[in-house]
Amino acid sequence: EPEVTQTPSHQVTQMGQEVILRCVPISNHLYFYWYRQILGQKVEFLVSFYNNEISEKSEIFDDQFSVERPDGSNFTLKIRSTKLEDSAMYFCASSVLAGGPGEQFFGPGTRLTVL
Amino acid sequence: EDKVVQSPLSLVVHEGDTVTLNCSYEVTNFRSLLWYKQEKKAPTFLFMLTSSGIEKKSGRLSSILDKKELSSILNITATQTGDSAIYLCAVGQKSSGDKLTFGTGTRLAVRP
Numbered sequence: 001e002p003e004v005t006q007t008p009s010h011q012v013t014q015m016g017q018e019v020i021l022r023c024v025p026i027s028n029h030l031y032f033y034w035y036r037q038i039l040g041q042k043v044e045f046l047v048s049f050y051n052n053e054i055s056e057k058s059e060i061f062d063d064q065f066s067v068e069r070p071d072g073s074n075f076t077l078k079i080r081s082t083k084l085e086d087s088a089m090y091f092c093a094s095s096v097l098a099g100g101p102g103e104q105f106f107g108p109g110t111r112l113t114v115l
Numbered sequence: 001e002d003k004v005v006q007s008p009l010s011l012v013v014h015e016g017d018t019v020t021l022n023c024s025y026e027v028t029n030f031r032s033l034l035w036y037k038q039e040k041k042a043p044t045f046l047f048m049l050t051s052s053g054i055e056k057k058s059g060r061l062s063s064i065l066d067k068k069e070l071s072s073i074l075n076i077t078a079t080q081t082g083d084s085a086i087y088l089c090a091v092g093q094k095s096s097g098d099k100l101t102f103g104t105g106t107r108l109a110v111r112p
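Line by line, the protein sequences give chains A and S. Mind the numbering: the first sequence is residues 1 to 115 in my numbering, read in order. Mind the numbering: the second sequence is residues 1 to 112 in my numbering, read in order.
Source of the hints: derived by calculation from the structure; they are not laboratory data. Check each hint, because a few of them may be wrong.
Stated by the list, open to error - Quick list of simulated restraints, FRET-style, between CB atoms: (1) S:Ser62 / A:Pro2: 21 to 31 Å; (2) A:Glu85 / S:Gly59: 33 to 43 Å; (3) S:Glu55 / A:Pro2: 19 to 29 Å; (4) A:Gly16 / S:Gly16: 45 to 55 Å.
Every residue, glycine too, gets a C-beta built ideally from N, C-alpha and C.
Sequences and hints are given; from them, build the entire structure.
Next comes the structure, spelled out in structure tokens:
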């Protein structure tokens, strides 16, 4: 069964460093998302991406964050200068329907630890 | 502010019991309500309910959407230890980006 994959599973970085989290969405899906979950808290929406541009972003998704689909399969989240409070599990998700109530399927997540 | 509230926060039952998990929401431009099961890491999709599909069933799990009461329930009958997980409710809105707003989840523990 097709699934969303994410790499790495765990990333440790120093405060101020740049990190890139990678995702391969399900191949025929059109909408891509990033969410994060700080330990013990809710899953929070960061950004959605469709047709090679950002469709919507939350207040969390400030200028330190960017997303890119560099080729036909990968979808990346870059954090330019990490802060301690960026430590969280980052989930990528994808959905097949554009503009409709499509189910979002989640990847296994990348645990980001900022020291 | 959009809000999704789940109850109870946690629940401990014995194998074979039936459980009902609750989700209520206050969001603008409601489109859909989704239930996910989160075990170790990723939320795994269970059901999606919309105005055109307010009741879903799969095996021992079933869910109903009450659009008048702005709420949904997830029922699990004949619970098994493998049902132990956090159950997440999320609401999709008619926005440009189809974002989901999640509740805090209900932690279910099923004892043998």
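Unmet hints by their number, sorted upward, for this structure:
Violated: none.
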